[in-house]
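Engineer: Sequence:
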Amino acid sequence: MCVRQRFSELPLSFSPRQLVFIFQHFYPLPTHDDSKRQPGGVCVCVVPSDPSRSRVMTLEAIRYRAGSLQILNQLLLPQETVFDEVRTVQDGYEAIKSMKVRGAPAIAIVGCLSLAVELRAGAGGNDPVTFIRESLCHLTSARPTAVNMGRAARELMEFAENESMEKNPEQLTESVIGWIEEMLERDVNDNKKIGNYGAQHILSGVPRDSVTILTHCNTGSLATAGYGTALGVVRSLHALGRLKRMYCTETRPYNQGARLTAYEAVAEGFPATLITDSMAALTMREKSITAVVVGADRVVANGDTANKIGTYQLAIAAKHHGIPFYVAAPSTSCDLSLESGRHIVIEERPAEELTSINGVPIAAPGIDVWNPAFDVTPHQLITGGIITELGVFLPSELQAALTGRLTAL
1 MCVRQRFSEL PLSFSPRQLV FIFQHFYPLP THDDSKRQPG GVCVCVVPSD
51 PSRSRVMTLE AIRYRAGSLQ ILNQLLLPQE TVFDEVRTVQ DGYEAIKSMK
101 VRGAPAIAIV GCLSLAVELR AGAGGNDPVT FIRESLCHLT SARPTAVNMG
151 RAARELMEFA ENESMEKNPE QLTESVIGWI EEMLERDVND NKKIGNYGAQ
201 HILSGVPRDS VTILTHCNTG SLATAGYGTA LGVVRSLHAL GRLKRMYCTE
251 TRPYNQGARL TAYEAVAEGF PATLITDSMA ALTMREKSIT AVVVGADRVV
301 ANGDTANKIG TYQLAIAAKH HGIPFYVAAP STSCDLSLES GRHIVIEERP
351 AEELTSINGV PIAAPGIDVW NPAFDVTPHQ LITGGIITEL GVFLPSELQA
401 ALTGRLTAL
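Numbering follows full-length UniProt numbering, with no gaps: position 10 of the sequence shown is 10.
For the record, the hints were derived by calculation from the structure and aren't laboratory data. Computed from a predicted structure; not experimentally measured. Glycine residues also receive a C-beta, built at the ideal position from the N, C-alpha and C atoms. Warning: the hint list may mix true and false statements.
Beta-carbon label-pair distances, calculated as ranges [stated by the list, open to error]:
| no. | residue 1 | residue 2 | range |
| --- | --- | --- | --- |
| 1 | H320 | Q79 | 28 to 38 Å |
| 2 | P144 | G359 | 22 to 32 Å |
| 3 | S396 | A239 | 26 to 36 Å |
| 4 | E94 | T403 | 29 to 39 Å |
Can you build the whole structure from these sequences, using the hints too?
Structural biologist: Encoded structure:
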């Protein structure tokens, strides 16, 4: 039995022995003549009461078929579930810039897939290399702090130039599209490894107990091709039956924690509690937090990390309370060309994103605003380790551990 309805209309309490929630956005991909906007929906499926047969599927934020790309418009969550079609590189750029799609891995994937879609439609003609180069340069400029897009652009450009020496334009285009499509599978597989490594490392310190995790921003299926990084660790803990509770911060000013992480938690049945950003230190003191696990948009050579604004203060509070602080990020988020976090370019967002919510003013007119989107956490505060698809490393170990891997890519 499937019931299609808006997320806000779903009852949020079911018997775990009778129901498992499989939250999938299950509409077919539209043709170019269809409307971009579709009614939000989920599928609620009744399954046998044996809990061992239960399976919870992760939410889908990126829908790609050869020549067709849709992204879940995250600006409208959780009130509406709307997939926007991306037909061109410019569509991809605008989706990234406006934060319809966000999260360093997802930015790179959507950017490159938008290029694949336009190439599939015939863009580039007899000179696809020039079109690819210009498109990647444009996409990289959308949000400069997240390293994944720039890294993917460099690797893809090198691949395209090498392929152009042996293949005609049509063959080159197909090769480039194939390279891009492989990004999806690689990202999901890497995220599952991150989740497993992180969960096992955290549990090694509490071999018999369930754990309580504090996280920030959104680092789950909505920020990646699937499963997630820091939230992937939470998923793995939940799958092992060892997650007592997850606390997620609201993450002002864009409220990614309240809108997106809470959305994923409710959708997939995590035991979760939403807190304001200013409650984090008190939560650490009063709620027996086992570990703080966050994501990263860029990790540099000495282990300093750039992540959503507010991460730095969480690391300071965790250090004060003696709570392990972890950063979960794929190797594609690591930038060994930068010596320290002092060299990371920090994106600043428009003032109105801080002074209003959904177009409703919440601040005194005329007030000056400083609105950096990210801050840098010094490596000394990352006491738990940096969780990658290769394992968990102390910041001082990261460069040596990744050098061979990153050089080979």
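Engineer: Which numbered conditions among the earlier hints are violated in the structure presented, ordered from lowest to highest?
Structural biologist: none
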